[in-house]
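So the sequences go chain by chain: E and D.
Per the numbering used here, the very first residue in the first sequence carries number 1; after that it's consecutive.
Per the numbering used here, the very first residue in the second sequence carries number 255; after that it's consecutive.
Careful, some of the hints might be misleading.
[Stated by the list, open to error] Coverage of chain E stretches by chain D, computed from C-beta distances (three or more under 8 Å per stretch; other residues unrestricted): (1) 118-132; (2) 216-223.
[Unchecked claim] With a cut-off of at most 27 Å between alpha-carbon atoms, the simulated BS3-like pairs for lysine-lysine come out as follows: (3) E:Lys239 - E:Lys182; (4) E:Lys108 - D:Lys320; (5) D:Lys709 - E:Lys108; (6) D:Lys601 - D:Lys320; (7) D:Lys535 - D:Lys669; (8) D:Lys680 - D:Lys635.
[To be verified] The calculated label-pair distances, taken between Cβ atoms and stated as ranges, are: (9) E:Ser147 - D:Glu484: 45 to 53 Å; (10) E:Lys108 - D:Glu484: 50 to 58 Å; (11) D:Pro284 - E:Ser71: 54 to 62 Å; (12) E:Asp214 - D:Glu673: 54 to 62 Å; (13) E:Ser71 - D:Met717: 33 to 41 Å; (14) D:Thr667 - E:Lys108: 21 to 29 Å; (15) E:Gly229 - D:Gln710: 38 to 46 Å; (16) E:Arg107 - D:Met717: 25 to 33 Å; (17) D:Ser679 - E:Ala122: 30 to 38 Å; (18) E:Ala117 - D:Gln710: 19 to 27 Å; (19) E:Gly37 - D:Gln710: 40 to 48 Å; (20) D:Arg456 - E:Ser71: 31 to 39 Å; (21) D:Gln710 - E:Leu130: 57 to 65 Å; (22) D:Ala676 - E:Ala250: 57 to 65 Å.
Hint data in this document are derived by calculation from the structure and do not stem from the laboratory.
C-beta: ideal position from N, C-alpha, C; glycine also.
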Amino acid sequence: MLKIKNLQAQVGGKEILRGIDLEVNLGEVHAIMGPNGSGKSTLAQVLAGRDVYAVTGGEVIYDGKDLLAMSPEDRARAGIFMAFQYPVEIPGVSNMYFLRSALNAIRKSRGLEDLDAIDFLAVAREKMKLLEVEEGLMVRPVNEGFSGGEKKRNEIFQMSILEPRLAILDETDSGLDIDALKIVANGVNALRSPERAIIVVTHYQRLLNYIVPDFVHVLSGGRIVKSGGKELALELEGKGYGWLEDAVAAEQTA
Amino acid sequence: MPTPQTEIEVLANREYKYGFVTELETDTVPAGLNEDIVRTISAKKQEPEWLLEWRLKSYRHWLTMKEPAWGNIHYPPIDYQAITYYSAPKKVKPGAKGLEDVDPELLKTYEKLGIPLKERELLAGVAVDAVFDSVSVATTFKEKLGELGIIFCSFSEAVREHPDLVRKYLGSVVPYTDNFFATLNSAVFSDGSFCYVPKGVRCPMELSTYFRINAKDTGQFERTLIVADEGAYVSYLEGCTAPMRDSNQLHAAVVELVALDNAQIKYSTVQNWYPGDKEGKGGIYNFVTKRGKCLGVNSKISWTQVETGSAITWKYPSCILQGENSIGEFYSVALTNNYQQADTGTKMIHIGKNTRSTIVSKGISAGHGQNTYRGAVRILKGAEGARNYSNCDSLLIGDQCGAHTFPYLEVKTAKATVEHEASTSKIGEDQIFYCRQRGLSSEDAVSMIVNGFCKQVFRELPMEFAVEAQKLLGVSLEGSVG
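With the hints as constraints, model all of the structure from the sequences given.
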């Protein structure tokens with residue numbers, strides 16, 4: 001479903017991604033790990049279409065289409081969802097109104113009718129239960145005054161409503177205590193499906209105890225330096241990123 | 255891929271929807287202003303002597319005045335001798351009784367504007383007085399209101415039919431000496447709306463005036479006078495549009511509100527005069543004096559305005575809080591796009607004990623728009639226990655526009671509470687991206703963010719008006735993001 005070939009990107013003239021190759025199929029969960037500054041968040045943002053990052057080479061094919069030529073909203077309408085590392089506040093706009101507008105924009109692009117407020121609420125209530133989201137959260141302005149945990153939970157809640165084909169979780173575990181982490185992970189697990197692929201971007205192995213990936217990729221210096229199964233994450237936890245980076249450096253000088 | 259700068263760079267490309275011209279035969283006086291013109295206007299309206307005298311006093315006083323220069327607005331000098339001060343569609347006789355007397359062309363114009371005047375087509379609950387150039391063309395629902403003793407008619411008709419009421423209150427809130435534009439209006443005002451709600455009556459429907467400037471090089475100088483007698487309540491809506499023209503047109507209106515004991519007046523405006531084109535050519539110069547007097551105890555006057563039109567907006571809907579425990583409110587959204595300039599705000603003058611006022615102002619600037627909040631809170635010596643709360647927020651879209659805040663404060667009693675909050679924020683690229691990542695277009699994202707920003711004001715508007723205001727904001731912002 002998603003094919004990334006030799007993807008290169010920079011921000012402010014600084015090279016961040018130096019040739020990423022990755023293939024993701026429906027039903028799979030991929031974890032992208034790596035030390036700070038390795039480019040994992042950049043990869044997530046480039047896939048979502050954030051234009052502060054300039055793509056300088058390579059291609060991304062999503063469902064047979066040239067993803068990089070699509071606007072962020074067209075990517076969203078084609079089923080790409082990104083859970084933000086830092087969800088943005090929109091004062092005065094209720095979470096409910098925001099989400100219903102988003103869902104209807106996506107539905108419209110697929111030729112479906114708008115959901116009215118009542119139908120939408122029915123859909124939302126069901127998902128709220130799943131994610132242990134309080135009803136009060138729906139009428140509050142988007143992310144305004146939310147705690148860190150509430151924001152992240154809200155991201156996953158949005159994901160559950162918008163039902164993407166490809167979900168990208170950008171450091172969803174950062175800033176969460178263990179209880180919040182479990183709730184978020186349970187939500188994500190509930191959304192695992194043969195009809196959906198998930199990319200989990202994370203610095204720590206901790207999240208992967210709860211969201212068990214099919215594949216783990218380690219990013220370093222803007223390249224994937226090692227790929228493996230879920231056991232790779234455990235290995236990293238034991239050894240840290242240092243040994244990999246050293247190994248790569250040795251390879252390059254050899 | 256566009257850079258963030260170009261993404262929020264302004265490319266206003268939208269046509270003003272109400273910019274058409276209606277071809278009508280008109281009765282127009284020669285351009286320019288002198289005593290003869292003032293007399294001609296008064297004669298055309300068959301006014302009583304006292305009103306002519308009042309106009310002449312105003313005119314003579316106006317000659318001694320200078321156009322105010324303190325506003326944060328810039329425009330070439332206005333040639334007051336080049337303006338036509340009276341223009342009326344020929345087929346509206348003064349004293350037209352009902353819609354059957356109205357030129358069908360005019361009715362068509364209002365239909366095109368979405369203001370059907372025929373009562374059967376009206377939204378239930380809104381009575382409309384329509385002012386076209388200089389005269390009021392039709393007032394609907396008059397009979398139904400009459401049964402309750404409510405007078406709602408054109409100003410000219412009020413002068414004829416209810417001279418005592420008009421004479422008693424005309425100029426009682428905005429005296430003819432008040433300011434340059436109000437004084438000019440007092441000399442040459444041509445028509446407007448009048449409303450009187452008798453003791454203890456709660457007006458069962460929204461009353462509405464719709465203003466339309468049609469004729470070229472014509473100024474519009476209407477006057478609105480609303481009096482709510484003891485214990486009365488009225489909610490009043492005002493809307494405005496004008497054709498697109500290359501030259502600037504002057505609109506200098508006066509609105510006076512009077513609330514007696516325990517009375518309440520709610521006055522809502524959605525102002526959408528032609529703003530000029532994207533280079534800043536043409537558009538309405540909107541110099542308006544609006545003031546309400548809470549004369550009685552426990553009275554309340556509430557102004558809500560959504561200002562999206564006009565090349566220049568200069569208006570400060572204000573409240574004189576004279577009665578004890580009276581309340582003044584001002585809720586405002588002012589949007590400037592392209593080269594529009596707005597200098598708007600309010601004055602709250604606390605005279606009576608325990609008077610309270612609330613000011614909520616939301617300024618939005620896009621394109622090269624300049625938006626100024628100017629507000630004065632004056633708490634006089636006797637106004638013990640007075641309270642004011644002000645909140646002025648500015649939102650910037652792009653980096654070519656400006657927001658300015660000038661709050662003035664004068665407190666002459668130790669027993670008063672005054673609070674002021676202000677903020678300026680910019681619509682962030684990250685907010686827009688967040689919305690787009692959820693499937694919304696850039697324009698919908700901006701519109702949603704702006705509407706969220708204005709929510710506190712919109713919820714003060716009557717329901718149908720709030721919906722219209724939201725749409726209008728969306729439309730006025732079209733093209734403000736690339």
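How the hints compare with the structure:
1. 118-132: violated (count 0)
2. 216-223: violated (count 0)
3. E:Lys239 - E:Lys182: Status holds; Cα separation ~25 Å.
4. E:Lys108 - D:Lys320: 57 Å, violated
5. D:Lys709 - E:Lys108: Holds. D:Lys709 to E:Lys108 sits at ~26 Å (cutoff 27 Å).
6. D:Lys601 - D:Lys320: Holds. D:Lys601 to D:Lys320 sits at ~21 Å (cutoff 27 Å).
7. D:Lys535 - D:Lys669: Not satisfied, since the Cα-Cα distance of roughly 50 Å exceeds 27 Å.
8. D:Lys680 - D:Lys635: Violated - the C-alpha atoms of D:Lys635 and D:Lys680 are around 40 Å apart, more than 27 Å.
9. E:Ser147 - D:Glu484: 45 to 53 Å: Roughly 51 Å apart at Cβ, these two residues keep to the hinted range, so it holds.
10. E:Lys108 - D:Glu484: 50 to 58 Å: 53 Å, holds
11. D:Pro284 - E:Ser71: 54 to 62 Å: Distance hint for D:Pro284, E:Ser71 holds at roughly 57 Å.
12. E:Asp214 - D:Glu673: 54 to 62 Å: About 57 Å separates the Cβ atoms of E:Asp214 and D:Glu673, which means 54 to 62 Å holds.
13. E:Ser71 - D:Met717: 33 to 41 Å: 35 Å, holds
14. D:Thr667 - E:Lys108: 21 to 29 Å: Between D:Thr667 and E:Lys108, where Cβ atoms are some 58 Å apart, the hint is violated.
15. E:Gly229 - D:Gln710: 38 to 46 Å: 54 Å, violated
16. E:Arg107 - D:Met717: 25 to 33 Å: 26 Å, holds
17. D:Ser679 - E:Ala122: 30 to 38 Å: 35 Å, holds
18. E:Ala117 - D:Gln710: 19 to 27 Å: 21 Å, holds
19. E:Gly37 - D:Gln710: 40 to 48 Å: Taking Cβ atoms as reference, E:Gly37 and D:Gln710 lie about 42 Å apart, which means the hint holds.
20. D:Arg456 - E:Ser71: 31 to 39 Å: Since D:Arg456 and E:Ser71 have Cβ atoms about 52 Å apart, the given range 31 to 39 Å is violated.
21. D:Gln710 - E:Leu130: 57 to 65 Å: Since the Cβ atoms of D:Gln710 and E:Leu130 sit about 33 Å apart, the hinted range of 57 to 65 Å is violated.
22. D:Ala676 - E:Ala250: 57 to 65 Å: Holds: the Cβ-Cβ distance is about 59 Å, inside 57 to 65 Å.
When the structure is compared with the earlier hints, violations turn up for hints 1, 2, 4, 7, 8, 14, 15, 20, 21 and for no others.
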